[in-house]
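Can you build the whole structure from these sequences, using the hints too?
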Amino acid sequence: MKKLDLTHYRNTLLEAGIPFRKVLRNVRELKDHYADLVQKAGEQGMDEQEASSWAAEKIGDLDLLAREMIARSSRGMLHRHPMLMTLLLPPVSLCLFIALMMLLFVGAVELNNAIEGNNGTMLQAPLWLKGLYMVLKVLLFAVPVAAAIAIVRVCTRGRILRRYWVTGLFFMLLIGSGLNLHVSWPDSGNGDGGSIGLAVGYALSPIDGSLAPAQLSTLRLIGTLMLCGGVLMYMRRRDAPGETGRG
Amino acid sequence: MAKTNAAFMSGVPELLILRLLSREEMYGYQLVRAIRVVSADAFDLAEGVVYPTLHSLEASGCLKAREKESDGRKRIYYSVTAKGLKRLEALTGNWERVRQGISSVLGA
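Those protein sequence lines, which keep their order, are chains W and P.
Heads up: the first sequence runs through residues 1 to 247, numbered per our numbering.
Heads up: the second sequence runs through residues 1 to 108, numbered per our numbering.
Because the hints were derived from the structure by calculation, they are not lab data.
All figures in this text were calculated on a predicted structure; none of them were measured in a lab.
Heads up, some of the hints might be wrong.
[Unchecked claim] So the derived list for chain W, only partly shown, Cβ under 8 Å to chain P, looks like this: (1) Glu57; (2) Ile59; (3) Leu103.
[Claimed, not checked] Here are the simulated lysine to aspartate or glutamate pairs, EDC-like style, with alpha carbons at most 20 Å apart: (4) W:Lys31 <-> P:Asp71; (5) P:Lys64 <-> W:Asp5; (6) W:Lys22 <-> P:Asp71; (7) W:Lys22 <-> P:Glu69; (8) W:Lys31 <-> W:Glu68; (9) W:Lys40 <-> P:Glu47; (10) W:Lys31 <-> P:Asp41; (11) W:Lys58 <-> P:Asp41; (12) W:Lys40 <-> P:Asp71; (13) P:Lys74 <-> W:Asp36; (14) W:Lys3 <-> P:Glu47; (15) W:Lys58 <-> W:Glu68; (16) W:Lys22 <-> W:Asp5; (17) P:Lys68 <-> W:Asp32; (18) P:Lys74 <-> W:Glu68; (19) W:Lys40 <-> P:Glu58; (20) P:Lys68 <-> W:Asp36.
[Stated by the list, open to error] Computed footprint of chain W on chain P; a stretch qualifies when at least three of its residues, placed anywhere within it, have a C-beta under 8 Å from a C-beta of chain W: (21) 14-27; (22) 47-59; (23) 95-104.
No residue lacks a Cβ here, since even glycine has one placed at the ideal position from N, Cα and C.
Laid out in structure tokens, this is it:
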């Protein structure tokens with residue numbers, strides 16, 4: 001007896017990058033269509049087996065249908081070029097964030113100078129400026145994690161192949177762990193005017209006057225992502241009850 | 001000219017679907033059945049043609065879809081948008097030109 005099995009059809013559409021929501025809707029439509037055909041066949045006197053076989057044949061070749069659906073679907077950049085987008089988005093978003101962060105910090109220093117006035121003495125960094133520095137340092141660590149989570153979230157919603165979002169995650173970690181914000185505060189004692197800098201690289205990096213290996217950043221990022229992994233898995237199950245992972 | 005005709009012939013399911021949905025909103029199975037009934041069995045569009053066409057028309061903004069309960073089941077109903085009506089008008093015009101052309105040739 002031939003029955004309608006839409007599992008392969010659904011996976012083919014998902015792997016082609018058609019959004020999850022659209023695929024589910026189409027599968028539901030076909031299931032309803034099949035049920036209507038079976039009901040109609042039953043009303044015409046066919047037994048259950050005959051009706052199921054006839055309805056499945058009437059729906060036709062699901063591979064051909066999938067090909068037609070894919071050919072006529074409009075897919076976003078992320079779905080048409082997932083690997084390119086996975087590799088391009090993280091550095092672009094990070095560059096924009098870092099530029100914004102540096103501007104904010106330099107602006108804050110200038111504002112402080114304007115408030116204090118330049119009376120010929122070396123300025124001391126006020127508490128609020130040090131606080132801002134700490135916030136930016138935390139953000140520099142948090143942004144790669146947030147961006148990586150966003151990549152996973154978007155990719156799993158779209159059910160893109162696992163290799164894409166795994167690549168995106170590691171790429172994000174690689175970039176994020178190589179960044180270190182470094183500020184030297186103005187010091188009237190030794191005549192140091194202070195500076196701000198961004199260390200990029202994977203050698204030992206100066207952080208707050210001490211040397212800390214970049215690998216530590218990697219571990220912190222991985223640790224955070226592992227914690228977030230559980231939340232993502234929970235969200236994925238909640239969004240698609242009964243759906244199994246794949247890729 | 002041949003190119004125009006080829007493109008038009010590939011748009012026949014689109015024309016039929018837009019025409020029927022401009023009268024009333026329907027779901028997939030209902031539409032397939034309506035095409036067969038209205039065309040007096042001249043057209044029996046396969047599901048492999050109807051669903052891709054529906055989704056493509058929806059993506060291009062010619063159709064809109066909404067969920068509605070019918071016979072105890074939630075169905076996806078499609079209806080024509082203003083853009084869809086313009087597309088229908090254009091396709092109908094094409095079809096009239098082809099029909100007249102064929103009639104002229106056959107009557108010659």
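Tell me the hint numbers this structure goes against, listed in increasing order. 1, 3, 5, 6, 10, 18, 19, 21, 23
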